[in-house]
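These protein sequence lines are chains A and B, in that order.
Quick note on our numbering: the first sequence kicks off at 12 and runs consecutively.
Quick note on our numbering: the second sequence kicks off at 12 and runs consecutively.
Think of the hints as simulated: they come from the structure by calculation, not from any bench.
Computed from a predicted structure; not experimentally measured.
Some clues are possibly wrong.
Copies of one chain are not kept apart here, so a pair can be met inside one copy or by any two copies together.
Pairs of lysine to aspartate or glutamate residues, derived as DMTMM-like cross-links and limited to a Cα-Cα distance of at most 25 Å, are as follows [said to hold, decoys possible]:
{"#": "1", "residue 1": "K293", "residue 2": "D231"}
{"#": "2", "residue 1": "K310", "residue 2": "D194"}
{"#": "3", "residue 1": "K171", "residue 2": "D194"}
{"#": "4", "residue 1": "K310", "residue 2": "E54"}
{"#": "5", "residue 1": "K310", "residue 2": "E140"}
{"#": "6", "residue 1": "K310", "residue 2": "D281"}
{"#": "7", "residue 1": "K171", "residue 2": "D281"}
{"#": "8", "residue 1": "K98", "residue 2": "E134"}
{"#": "9", "residue 1": "K171", "residue 2": "D132"}
{"#": "10", "residue 1": "K171", "residue 2": "D280"}
{"#": "11", "residue 1": "K98", "residue 2": "E38"}
{"#": "12", "residue 1": "K13", "residue 2": "D228"}
{"#": "13", "residue 1": "K171", "residue 2": "D276"}
{"#": "14", "residue 1": "K261", "residue 2": "E140"}
{"#": "15", "residue 1": "K275", "residue 2": "E209"}
{"#": "16", "residue 1": "K261", "residue 2": "E76"}
{"#": "17", "residue 1": "K98", "residue 2": "D251"}
{"#": "18", "residue 1": "K283", "residue 2": "D231"}
{"#": "19", "residue 1": "K283", "residue 2": "D194"}
{"#": "20", "residue 1": "K139", "residue 2": "D280"}
{"#": "21", "residue 1": "K139", "residue 2": "E299"}
Protein chains: 2
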Amino acid sequence: RKRILVTGGAGFVGSHLIDRLMLEGHEVIVADNFFTGRKRNIEHWIGHENFELINHDIVNPLYIEVDQIYHLASPASPLHYMYNPVKTIKVNTMGTINMLGLARRVRARLLFASTSEVYGDPEAHPQKETYFGNVNPFGPRSCYDESKRVAEATCYAYAKQEGINIRIARIFNTYGPRMHMNDGRVVSNFILQALQNEPITVYGHGKQTRSFQYVSDLVDGLISLMNSNYSMPMNLGNPDEYTIEQFAFKIKDLVGSKAPIVYKDPVVDDPKQRRPDITLAKSWLNWEPKVLINDGLNKTIAYFRNELLVKH
Amino acid sequence: RKRILVTGGAGFVGSHLIDRLMLEGHEVIVADNFFTGRKRNIEHWIGHENFELINHDIVNPLYIEVDQIYHLASPASPLHYMYNPVKTIKVNTMGTINMLGLARRVRARLLFASTSEVYGDPEAHPQKETYFGNVNPFGPRSCYDESKRVAEATCYAYAKQEGINIRIARIFNTYGPRMHMNDGRVVSNFILQALQNEPITVYGHGKQTRSFQYVSDLVDGLISLMNSNYSMPMNLGNPDEYTIEQFAFKIKDLVGSKAPIVYKDPVVDDPKQRRPDITLAKSWLNWEPKVLINDGLNKTIAYFRNELLVKH
Ligand SMILES: NC(=O)c1ccc[n+]([C@@H]2O[C@H](COP(=O)([O-])OP(=O)(O)OC[C@H]3O[C@@H](n4cnc5c(N)ncnc54)[C@H](O)[C@@H]3O)[C@@H](O)[C@H]2O)c1
Ligand SMILES: NC(=O)c1ccc[n+]([C@@H]2O[C@H](COP(=O)([O-])OP(=O)(O)OC[C@H]3O[C@@H](n4cnc5c(N)ncnc54)[C@H](O)[C@@H]3O)[C@@H](O)[C@H]2O)c1
Ligand SMILES: O=c1ccn([C@@H]2O[C@H](COP(=O)(O)OP(=O)(O)O)[C@@H](O)[C@H]2O)c(=O)[nH]1
Ligand SMILES: O=c1ccn([C@@H]2O[C@H](COP(=O)(O)OP(=O)(O)O)[C@@H](O)[C@H]2O)c(=O)[nH]1
Ligand SMILES: O=c1ccn([C@@H]2O[C@H](COP(=O)(O)OP(=O)(O)O)[C@@H](O)[C@H]2O)c(=O)[nH]1
Ligand SMILES: O=c1ccn([C@@H]2O[C@H](COP(=O)(O)OP(=O)(O)O)[C@@H](O)[C@H]2O)c(=O)[nH]1
């Protein structure tokens with residue numbers, strides 16, 4: 012039984028992680044400023060004696076006592092992180108420095124939620140952890156990609172210099188219930204469009220690929236990585252790869268929608284392909300994704316269907 | 012006539028820049044914490060009515076009134092930036108955010124001293140500004156490389172979001188008088204070794220290349236870039252390229268030394284080749300390096316010869 016801080020715990024991934032940690036009997040503290048997170052995602056724990064929610068912006072220092080830190084606070088979808096690029100950089104630089112400073116003071120172990128975006132528009136395929144990436148340091152996505160990269164470097168620096176115990180999860184595209192309705196990501200957009208019989212918007216020709224992981228698989232991976240002995244960056248993702256065009260048809264089918272599929276302008280610096288090589292996670296954590304895409308999507312569709320009912 | 016802040020102005024490049032700005036009649040303010048800089052480099056200006064020296068660590072906010080900011084503060088040699096990697100990251104992330112915050116408040120133009128290290132161990136040769144680089148985000152050099160990259164991204168974010176006028180100079184290896192004696196860089200090491208008839212230490216097989224620019228050329232370029240209309244990253248360097256082994260022989264020759272050349276262990280993540288493509292600077296600034304390597308080296312050798320005399 013541990014005292015565990017989850018930054019960004021009111022968000023999509025964080026709230027699922029918290030469900031698991033609470034069920035395991037840990038004491039859980041959430042620090043979140045509700046930029047993209049919602050109280051609703053974690054309201055079922057409010058009032059529980061093992062649970063504490065701190066309304067806190069991690070760009071500012073935080074002084075508490077904990078054993079482990081899951082450091083997830085950061086806008087995650089392109090729409091959200093480009094909304095205020097300066098703030099995105101502050102969260103991942105100053106915010107990460109603060110959490111490492113906290114880890115240093117209380118000698119806690121810290122897991123940093125990095126991203127497949129550190130590989131940028133990858134020329135290597137699938138992406139291994141040893142690939143150095145192809146990131147534009149001076150473009151619209153750079154506020155996220157580069158601040159995640161330097162956050163990894165900051166973890167390395169605190170590990171080397173201060174002996175902090177760190178874990179780096181490079182998370183690939185993840186979906187599931189509690190995804191933000193308006194985050195502009197492909198899964199939420201396509202499902203909402205299909206459910207409402209509105210045009211399904213494919214950006215560019217739709218030949219770019221992504222590989223989608225269901226959130227419960229990610230949570231397994233995160234907990235397993237935190238409690239492992241592996242301290243270098245590790246991919247967590249599902250290698251099940253689709254072109255965005257295929258993915259549009261798949262969602263249309265699963266929803267049973269009549270929505271037309273339309274092609275919009277391509278996005279600047281949009282990665283053309285993405286699929287994790289998960290050899291490392293398999294061998295170190297004995298982890299691999301279990302949820303099949305149709306099962307995961309059906310649960311997510313059910314969630315959004317209900318959200319639309321609640322909203323109206 | 013302008014009010015100009017130079018962060019890191021007591022260092023090697025900064026002090027030469029200040030000489031030029033002072034001679035042009037500007038008001039110059041230096042902010043430096045003397046981590047690697049020295050008062051000696053600028054002592055000839057202390058007491059001048061246009062000159063002010065602030066002993067200040069830019070990781071902390073600075074509230075002054077200026078028109079232009081040359082933001083140079085950062086350790087620069089591998090030995091110095093690896094000495095305290097956490098601090099190196101803080102300087103380039105928090106320090107750069109502070110200087111951009113200052114620029115925002117007083118509507119000043121900011122030039123950021125970036126580096127050829129943003130290209131990492133480059134696969135493209137020579138390096139153009141459009142090349143995205145090959146940087147290890149999780150290794151001994153990452154504290155410098157990644158924090159310089161995210162500093163560029165931060166400039167981009169403030170430019171886009173706050174309308175700040177920014178300039179990005181990607182500086183390639185530069186040498187000249189006032190280089191730090193013990194910074195471990197190849198120019199200072201080889202000259203000092205040659206002058207003292209101590210073994211000239213080539214790391215690895217010495218087939219890796221660098222291209223060396225004399226400091227007065229860089230200062231021309233920096234001032235010219237600051238006052239130009241170009242706001243994307245621009246290389247400033249001399250394309251004159253040598254293998255490190257050739258360079259050892261050249262310095263030995265120029266010094267007229269009997270020092271033996273010895274081969275040491277290679278350095279982790281040492282870039283194998285580096286040469287700037289300066290087409291952009293030529294066409295936008297009408298700038299190109301003028302000082303020949305032998306002339307520049309002879310001046311630098313004379314400087315170090317004198318330093319050794321003073322020291323003993
Ligand atoms: N979901 C994915 O596909 C994916 C992929 C790669 C990486 N990640 C990473 O995983 C983490 C969680 O992503 P998510 O999908 O749950 O996103 P999310 O937006 O649902 O959750 C992020 C949470 O962080 C909070 N937050 C943002 N800025 C904060 C600040 N300054 N102080 C405190 N809290 C702050 C938000 O309010 C939100 O609750 C992020 O770090 C993200 O970069 C997610
Ligand atoms: N010299 C080169 O070959 C080279 C190449 C590429 C980029 N650069 C960049 O040019 C700039 C100047 O380099 P240099 O060769 O003159 O190095 P330098 O070490 O001689 O000068 C750096 C100056 O910054 C100061 N400084 C460091 N941390 C500071 C802090 N926290 N607050 C205030 N001042 C601080 C130091 O005291 C020093 O005076 C650096 O940003 C460096 O990254 C230099
Ligand atoms: O319990 C703590 C300890 C530190 N910090 C923050 O973490 C930063 C980095 O910590 P570090 O120990 O590296 O820096 P220092 O305190 O020496 O500036 C500090 O500036 C604080 O803002 C925090 O938020 N909680
Ligand atoms: O309505 C949408 C939203 C996204 N995309 C594409 O889907 C992919 C995944 O985008 P998302 O924003 O979900 O995540 P990313 O992996 O780019 O961070 C990208 O190629 C987007 O251009 C799309 O075609 N239509
Ligand atoms: O004259 C100024 C104005 C701002 N800042 C610093 O710059 C940072 C970023 O400024 P910005 O305006 O982006 O942020 P805010 O003040 O809104 O936090 C601030 O936190 C301050 O620490 C500074 O050093 N001098
Ligand atoms: O005593 C030395 C110092 C450096 N180098 C090599 O010279 C090159 C330039 O090193 P420096 O530290 O000057 O700058 P860098 O370009 O690596 O930042 C690198 O390949 C180093 O391994 C060397 O062979 N002997």
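Each hint, compared with the structure:
1. Taking identical chains as interchangeable, the C-alpha atoms of K293 and D231 lie at most 25 Å apart only when both belong to the same chain, with a minimum of 12 Å there against 54 Å between chains.
2. Within a single copy, K310 and D194 get their C-alpha atoms as close as 18 Å, which meets the 25 Å cut-off; across copies the closest is 59 Å, which misses it.
3. Taking identical chains as interchangeable, the C-alpha atoms of K171 and D194 lie at most 25 Å apart only when they sit on different chains, with a minimum of 21 Å there against 36 Å within one chain.
4. Taking the shortest Cα distances, K310 and E54 sit within 25 Å of each other inside one copy (20 Å), while across copies they are farther apart (70 Å).
5. In this homomeric assembly, K310 and E140 never come within 25 Å of each other (Cα to Cα): the closest approach is 30 Å inside a single copy and 46 Å across copies.
6. For a Cα distance limit of 25 Å, the shortest separation of K310 from D281 qualifies neither inside one copy, at 28 Å, nor across copies, at 49 Å.
7. Taking the shortest Cα distances, K171 and D281 sit within 25 Å of each other only across copies (19 Å), while inside one copy they are farther apart (34 Å).
8. In this assembly of identical chains, the alpha carbons of K98 and E134 never lie at most 25 Å apart, being 29 Å within a copy and 33 Å across copies at closest.
9. Taking the shortest Cα distances, K171 and D132 sit within 25 Å of each other only across copies (22 Å), while inside one copy they are farther apart (29 Å).
10. Only between protomers do K171 and D280 lie at most 25 Å apart by alpha-carbon distance; the minimum there is 16 Å, versus 33 Å within a single protomer.
11. Taking identical chains as interchangeable, the C-alpha atoms of K98 and E38 are never at most 25 Å apart, the minima being 30 Å within one chain and 33 Å between chains.
12. When the C-alpha separation of K13 and D228 is checked against a cutoff of 25 Å, the pair qualifies only within one copy, where the shortest distance is 22 Å, while the shortest distance between copies is 59 Å.
13. For a Cα distance limit of 25 Å, the shortest separation of K171 from D276 across copies, 21 Å, qualifies, whereas the shortest one inside one copy, 45 Å, does not.
14. Neither within a single protomer nor between protomers do K261 and E140 lie at most 25 Å apart by alpha-carbon distance, with minima of 30 Å and 40 Å respectively.
15. In this assembly of identical chains, K275 and E209 lie within 25 Å of each other by CA distance solely inside one copy; the values are 14 Å within and 66 Å between copies.
16. For the homomeric pair K261 and E76, neither the shortest alpha-carbon distance inside one copy (46 Å) nor that between copies (58 Å) is at most 25 Å.
17. When the C-alpha separation of K98 and D251 is checked against a cutoff of 25 Å, the pair qualifies neither within a copy, at 33 Å, nor between copies, at 41 Å.
18. When the C-alpha separation of K283 and D231 is checked against a cutoff of 25 Å, the pair qualifies neither within a copy, at 28 Å, nor between copies, at 40 Å.
19. Taking the shortest alpha-carbon separations for K283 and D194, only the intra-copy value of 20 Å comes in at or below 25 Å, while the best inter-copy value is 42 Å.
20. In this assembly of identical chains, the alpha carbons of K139 and D280 lie at most 25 Å apart whether taken from the same copy (21 Å) or from different copies (18 Å).
21. Taking the shortest alpha-carbon separations for K139 and E299, only the intra-copy value of 15 Å comes in at or below 25 Å, while the best inter-copy value is 40 Å.
In terms of the numbered hints stated before, the structure departs from hints 5, 6, 8, 11, 14, 16, 17, 18, listed from lowest to highest.
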